[in-house]
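For the record, the sequence lines run as chains R and C. Residues in the first sequence are numbered from 1 upward in steps of one, following the numbering used here. Residues in the second sequence are numbered from 1 upward in steps of one, following the numbering used here.
The set of hints was computed from the structure by calculation and includes no laboratory data. Be a bit skeptical, because a hint or two may be false.
[Unchecked claim] Pairs of lysine-lysine, DSS-like flavour, derived with a Cα cap of 25 Å:
#, chain 1, residue 1, chain 2, residue 2
1, C, LYS60, R, LYS14
2, C, LYS8, R, LYS165
3, R, LYS14, C, LYS105
4, R, LYS13, C, LYS16
5, C, LYS60, R, LYS13
6, C, LYS77, R, LYS89
7, R, LYS67, C, LYS105
8, R, LYS90, C, LYS60
9, R, LYS38, R, LYS90
10, R, LYS14, C, LYS16
11, C, LYS8, R, LYS36
12, R, LYS18, C, LYS16
13, C, LYS8, R, LYS18
14, C, LYS16, R, LYS170
15, C, LYS8, R, LYS38
16, C, LYS77, R, LYS38
17, R, LYS36, C, LYS77
18, C, LYS105, R, LYS90
19, R, LYS165, C, LYS77
20, R, LYS36, R, LYS106
21, R, LYS106, R, LYS89
22, R, LYS89, C, LYS105
23, C, LYS60, R, LYS38
24, C, LYS105, R, LYS106
25, C, LYS77, R, LYS106
26, R, LYS38, R, LYS89
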Amino acid sequence: MDSQFNEWQQAFKKATPKIDVDALIAQVNQSRRAEKLKAWADLVIGFAVSCLCLFMLLTHASEIGEKILFALLTPIPLSVGVWAFMLRKKQWRTSTLDVESLLAYKHLALQVQMRYWWVNLLGVTALFTAVLGILLTRLALGMSWHLWLAQLGVFAAILGVVIIKYTHIKRNFPRRLEEIERLRTDE
Amino acid sequence: MIRVTNSKEFSRILSKYAPLVARVAATYEADAMHRQDLIQDISLALWRALETFRGDASLKTFIAKVAHNRAVDHVLKETRRHDRLQCDESLHEVLSSGHNDTQDKALDLMTAMRRLNVRYRQVIALQLEGFTHGEIAQTLGLSEAAVSQRAHRARHELETIMGQK
Numbered sequence: 001m002d003s004q005f006n007e008w009q010q011a012f013k014k015a016t017p018k019i020d021v022d023a024l025i026a027q028v029n030q031s032r033r034a035e036k037l038k039a040w041a042d043l044v045i046g047f048a049v050s051c052l053c054l055f056m057l058l059t060h061a062s063e064i065g066e067k068i069l070f071a072l073l074t075p076i077p078l079s080v081g082v083w084a085f086m087l088r089k090k091q092w093r094t095s096t097l098d099v100e101s102l103l104a105y106k107h108l109a110l111q112v113q114m115r116y117w118w119v120n121l122l123g124v125t126a127l128f129t130a131v132l133g134i135l136l137t138r139l140a141l142g143m144s145w146h147l148w149l150a151q152l153g154v155f156a157a158i159l160g161v162v163i164i165k166y167t168h169i170k171r172n173f174p175r176r177l178e179e180i181e182r183l184r185t186d187e
Numbered sequence: 001m002i003r004v005t006n007s008k009e010f011s012r013i014l015s016k017y018a019p020l021v022a023r024v025a026a027t028y029e030a031d032a033m034h035r036q037d038l039i040q041d042i043s044l045a046l047w048r049a050l051e052t053f054r055g056d057a058s059l060k061t062f063i064a065k066v067a068h069n070r071a072v073d074h075v076l077k078e079t080r081r082h083d084r085l086q087c088d089e090s091l092h093e094v095l096s097s098g099h100n101d102t103q104d105k106a107l108d109l110m111t112a113m114r115r116l117n118v119r120y121r122q123v124i125a126l127q128l129e130g131f132t133h134g135e136i137a138q139t140l141g142l143s144e145a146a147v148s149q150r151a152h153r154a155r156h157e158l159e160t161i162m163g164q165k
């Protein structure tokens, strides 16, 4: 290498930010413990909520509609917990990818994320509509409806969150895609 | 094959390569607080990544790959804020223990490097760390020909920016 490059190299090494390695190691230890805790919390909470749904199904659901609802709900929290756990593991593995592979992965992940929230929106809307239908039917037939109203409230809240999330992702999708592409292409 | 599974071994590696990690972070992030976060993020990613390290590349190349991977992820997350911030307080602090010509050059170089397109910045930063084109290709996932091309353009642009000062 020529003298200018050597000069740059010396200047580059000189510009090394000061770093407290002991404090950094302590921070990393702490973050690592917190990450592990969060990963396992996803699984444990999912398992606990699924158990609660199963308990409700076996002990409290007396009518066929309630039984179907709790039977449908039971596997969902555990599945989401397992999915979140696996996703976290997958994200950890992506840190060993080279830069180009990471950007390709990010591109794909962005498209998957869009699809995921679209399917999520359809699913939650379907569930909300079904619960609303059951509630209206029970009201019309003069049957007890309070539990279904509570469930409709829960689904309405979930649906609201999903709509906000999907709208946000959809609005930012072109910009985020462009940011990735800008780092991938040479010109 | 080297597998790093205990904290003592990780601490030894991080102590040795912390300056490299800090320079990668400084190449991408001008703001001191965010740079510190990035250094921590890279270090955490390194701990996870080193458990799977099989010795396919040198340890230094592997660490550089993880560091640039996390730094690019950081750029994607922080693009809008990144565009707004051009501060270099911490670097000024680092270099303020008596200004001289070398320190001015260090500051000028880092400021100029951050004005480079990220693709060129990556290549020149790795070159300045002493990596070969083959190792840079491995780190960035490019062909050696693409690395040569980017290195040539990066140097030309850096010279232009430095020349404007």
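Structure-based check of all given hints:
1. For the suggested pair C/LYS60 and R/LYS14, the alpha carbons sit about 19 Å apart, so the restraint of at most 25 Å is met.
2. For the hint linking C/LYS8 to R/LYS165, the alpha-carbon distance of about 42 Å lies beyond 25 Å, and the restraint is violated.
3. For the hint pairing R/LYS14 with C/LYS105, the CA-to-CA distance comes to about 9 Å; that is within 25 Å, so the pair holds.
4. A threshold of 25 Å between alpha carbons decides the hint, and for R/LYS13 with C/LYS16 the separation of about 14 Å falls inside it, so the pair holds.
5. Taking the CA atoms of C/LYS60 and R/LYS13, the gap is about 16 Å. The hint holds against a cut of 25 Å.
6. For the hint pairing C/LYS77 with R/LYS89, the CA-to-CA distance comes to about 20 Å; that is within 25 Å, so the pair holds.
7. Note on R/LYS67 and C/LYS105: the hinted pairing is violated, with a Cα-Cα distance of about 73 Å set against a maximum of 25 Å.
8. Simply put, R/LYS90 and C/LYS60 have alpha-carbon atoms about 24 Å apart, close enough for the 25 Å limit, and the pair holds.
9. A hinted pair counts as satisfied when its Cα atoms are at most 25 Å apart, and R/LYS38 with R/LYS90 qualifies at roughly 15 Å.
10. This hinted pair checks out: R/LYS14 and C/LYS16 have alpha carbons roughly 17 Å apart, not beyond 25 Å.
11. This hinted pair checks out: C/LYS8 and R/LYS36 have alpha carbons roughly 19 Å apart, not beyond 25 Å.
12. A hinted pair counts as satisfied when its Cα atoms are at most 25 Å apart, and R/LYS18 with C/LYS16 qualifies at roughly 14 Å.
13. Among the hinted pairs, C/LYS8 with R/LYS18 is consistent with the structure: their alpha-carbon atoms are about 22 Å apart, no more than 25 Å.
14. Only pairs whose Cα atoms come within 25 Å are accepted, and C/LYS16 paired with R/LYS170 is rejected, the gap being roughly 44 Å.
15. The straight-line distance between the Cα atoms of C/LYS8 and R/LYS38 is roughly 24 Å, inside the 25 Å bound, and the hint therefore holds.
16. At roughly 21 Å between alpha-carbon atoms, C/LYS77 and R/LYS38 fall within 25 Å of each other, so this suggested pair holds.
17. Straight-line distance between C-alpha atoms of R/LYS36 and C/LYS77 comes to about 23 Å, which keeps the hinted pair within the 25 Å bound.
18. Among the hinted pairs, C/LYS105 with R/LYS90 is inconsistent with the structure: their alpha-carbon atoms are about 42 Å apart, more than 25 Å.
19. As the CA atoms of R/LYS165 and C/LYS77 are separated by approximately 17 Å, the hinted pair is consistent with the 25 Å bound.
20. As the CA atoms of R/LYS36 and R/LYS106 are separated by approximately 23 Å, the hinted pair is consistent with the 25 Å bound.
21. Among the hinted pairs, R/LYS106 with R/LYS89 is consistent with the structure: their alpha-carbon atoms are about 16 Å apart, no more than 25 Å.
22. Restraint check for R/LYS89 and C/LYS105: not satisfied, since their Cα atoms lie roughly 43 Å apart, outside the 25 Å limit.
23. With a C-alpha separation of about 30 Å, the suggested pairing of C/LYS60 with R/LYS38 is violated against the 25 Å cut-off.
24. Annotation: proposed proximity of C/LYS105 to R/LYS106 is violated, straight-line Cα distance about 36 Å (limit 25 Å).
25. Between C/LYS77 and R/LYS106, the direct Cα distance comes to roughly 11 Å. Compliance with the 25 Å bound is thereby established for this hinted pair.
26. A distance of roughly 12 Å separates the Cα atoms of R/LYS38 and R/LYS89; the hinted pair therefore holds under the 25 Å criterion.
When held up to the earlier numbered hints, the structure conflicts with 2, 7, 14, 18, 22, 23 and 24 and fits the remainder.
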